[in-house]
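Protein chains in written order, with our numbering: chain H, 1 to 73; chain Y, 74 to 146.
The hints are simulated quantities; they were obtained by calculation from the structure and are not laboratory data.
Here a beta-carbon is modelled for each residue, glycine too, at the ideal position from N, C-alpha and C.
There's no promise every hint is true.
[What the hints assert, rightly or not] From the derived model, a few chain Y residues whose C-beta atoms are all more than 10 Å from chain H:
1. Y79
2. K82
3. P92
4. K93
5. W95
6. S103
7. D117
8. K136
[Stated by the list, open to error] Listed below are the simulated BS3-like cross-link pairs for lysine-lysine, each with C-alpha atoms no more than 25 Å apart in a straight line:
9. K52(H) with K121(Y)
10. K23(H) with K135(Y)
11. K62(H) with K93(Y)
12. K110(Y) with K52(H)
13. K82(Y) with K52(H)
14. K121(Y) with K23(H)
15. K63(H) with K93(Y)
16. K5(H) with K82(Y)
17. K82(Y) with K49(H)
18. K93(Y) with K48(H)
19. K20(H) with K96(Y)
20. K63(H) with K110(Y)
21. K125(Y) with K93(Y)
22. K93(Y) with K20(H)
23. K23(H) with K136(Y)
24. K62(H) with K78(Y)
25. K48(H) with K121(Y)
26. K93(Y) with K37(H)
27. K37(H) with K82(Y)
[To be verified] Not the full set, but computed from the structure, chain Y residues with beta-carbon under 7 Å of chain H:
28. N107
29. A108
30. P109
31. M123
32. E133
33. K135
34. V140
35. L141
36. L146
Number of protein chains: 2
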Amino acid sequence: MADIKYEIKETMGILSESPKGWKKEVNLISWNDNAPKFDIRDWDPEHKKMGKGVTLTNEELKKLRDVLNEMEL
Amino acid sequence: MADIKYEIKETMGILSESPKGWKKEVNLISWNDNAPKFDIRDWDPEHKKMGKGVTLTNEELKKLRDVLNEMEL
Numbered sequence: 001m002a003d004i005k006y007e008i009k010e011t012m013g014i015l016s017e018s019p020k021g022w023k024k025e026v027n028l029i030s031w032n033d034n035a036p037k038f039d040i041r042d043w044d045p046e047h048k049k050m051g052k053g054v055t056l057t058n059e060e061l062k063k064l065r066d067v068l069n070e071m072e073l
Numbered sequence: 074m075a076d077i078k079y080e081i082k083e084t085m086g087i088l089s090e091s092p093k094g095w096k097k098e099v100n101l102i103s104w105n106d107n108a109p110k111f112d113i114r115d116w117d118p119e120h121k122k123m124g125k126g127v128t129l130t131n132e133e134l135k136k137l138r139d140v141l142n143e144m145e146l
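Working from the sequences, and respecting the hints, build out all of it.
See below:
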């Protein structure tokens with residue numbers, strides 16, 4: 001992971017926090033200086049280590065919102 | 074990945090499809106015969122190969138829904 005450059009532009013929300021302080025976050029992230037994308041993944045408290053996650057376009061995030069709104073949660 | 078057992082119990086929605094037929098899906102998946110969890114990731118057309126993704130609890134999915142509903146998409 002050391003050679004991936006990333007910059008968290010904005011944090012939209014925190015979905016959960018583990019006992020060790022890792023948080024599942026929804027962020028807007030620029031990877032390798034590219035245009036920022038939405039991203040859902042786990043992060044350590046300093047945002048230095050990350051877990052696996054998904055990157056989503058604006059269009060995919062809209063669809064995701066619609067899918068979640070149709071579910072009974 | 075060959076030794077991970079998974080069973081897709083339900084597909085809640087498709088967020089996008091690539092030219093090669095991979096789809097970003099929201100599924101309810103049982104991993105290694107454990108209780109099913111929600112999951113967002115890319116899948117090949119046969120659901121045999123998968124990309125990286127996130128697994129979410131019911132509680133995390135609710136929070137995600139609330140976060141997305143507060144955003145202007």
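Against the structure, the hints:
Y79(Y), annotated as away from the interface, keeps every beta carbon of chain H farther than 10 Å; the closest lies near 15 Å. No Cβ of chain H comes within 10 Å of the Cβ of K82(Y); the nearest lies about 14 Å off, and the non-interface call holds. Every C-beta of chain H lies more than 10 Å from that of P92(Y), the closest at about 15 Å, which supports listing it as non-interface. Non-interface call for K93(Y) relative to chain H: holds, since the shortest CB-CB distance, roughly 17 Å, exceeds 10 Å.
With a least CB separation of 13 Å from chain H, W95(Y) remains clear of the 10 Å interface cut-off, as annotated. Listed as a non-interface residue, S103(Y) keeps its Cβ farther than 10 Å from every Cβ of chain H; the least gap is roughly 18 Å. Annotated as non-interface, D117(Y) keeps its C-beta farther than 10 Å from every C-beta of chain H; the closest such distance is 16 Å. For K136(Y), the condition that its CB be more than 10 Å from all CB atoms of chain H is violated, with the nearest at approximately 5 Å.
Of the pairs offered as hints, the one joining K52(H) and K121(Y) holds, with about 19 Å between alpha carbons and a cut-off of 25 Å not exceeded. A hinted pair counts as satisfied when its Cα atoms are at most 25 Å apart, and K23(H) with K135(Y) qualifies at roughly 16 Å. With a C-alpha separation of about 22 Å, the suggested pairing of K62(H) with K93(Y) holds against the 25 Å cut-off. Pair hint K110(Y) plus K52(H) holds up; C-alpha atoms about 16 Å apart against a cutoff of 25 Å.
Between K82(Y) and K52(H) the alpha-carbon distance is near 22 Å, which keeps this suggested pair within the 25 Å criterion. With a C-alpha separation of about 30 Å, the suggested pair K121(Y) and K23(H) falls outside the 25 Å cut-off, and the hint is violated. At most 25 Å may separate the alpha-carbon atoms for a hinted pair to count; K63(H) and K93(Y) meet this at roughly 20 Å. Taking the CA atoms of K5(H) and K82(Y), the gap is near 36 Å; set against the 25 Å cutoff, the hint is violated.
Taking the CA atoms of K82(Y) and K49(H), the gap is about 31 Å. The hint is violated against a cut of 25 Å. A hinted pair counts as satisfied when its Cα atoms are at most 25 Å apart, and K93(Y) with K48(H) does not qualify at roughly 33 Å. About 33 Å separates the Cα atoms of K20(H) and K96(Y), which puts this hinted pair outside 25 Å; it is violated. With a C-alpha separation of about 20 Å, the suggested pair K63(H) and K110(Y) falls inside the 25 Å cut-off, and the hint holds.
A hinted pair counts as satisfied when its Cα atoms are at most 25 Å apart, and K125(Y) with K93(Y) qualifies at roughly 17 Å. For the suggested pair K93(Y) and K20(H), the alpha carbons sit about 39 Å apart, so the restraint of at most 25 Å is broken. With a CA separation close to 13 Å, the supplied pair K23(H) and K136(Y) stays within the 25 Å bound. Restraint check: the Cα-Cα separation between K62(H) and K78(Y) comes to about 31 Å, which exceeds 25 Å; the hinted pair is violated.
At most 25 Å may separate the alpha-carbon atoms for a hinted pair to count; K48(H) and K121(Y) exceed this at roughly 32 Å. In summary, the hint linking K93(Y) to K37(H) is supported, as the alpha carbons are separated by about 21 Å, within the 25 Å threshold. For the suggested pair K37(H) and K82(Y), the alpha carbons sit about 29 Å apart, so the restraint of at most 25 Å is broken. Interface hint at N107(Y): violated, since its Cβ lies 17 Å from the closest Cβ of chain H, which is beyond the 7 Å cut-off.
Hint status for A108(Y): violated, given a least beta-carbon distance of 16 Å to chain H, over 7 Å. Violation of the interface hint for P109(Y) is found here, the shortest Cβ-Cβ separation to chain H being roughly 14 Å, above the 7 Å cut-off. Annotation: interface hint on M123(Y) violated; nearest CB of chain H at approximately 11 Å, more than 7 Å. Interface hint at E133(Y): satisfied, since its Cβ lies 4 Å from the closest Cβ of chain H, which is below the 7 Å cut-off.
For the restraint placing K135(Y) at the interface with chain H, the shortest Cβ-Cβ distance is roughly 5 Å, inside the 7 Å limit, so the hint holds. Given the 7 Å rule on beta carbons, the hint for V140(Y) holds: about 3 Å separates it from the nearest Cβ of chain H. Evaluation of the L141(Y) hint against chain H yields a held restraint, the C-beta minimum of about 4 Å falling below 7 Å. Nearest Cβ of chain H to the Cβ of L146(Y): about 5 Å, under the 7 Å cut. The hint holds.
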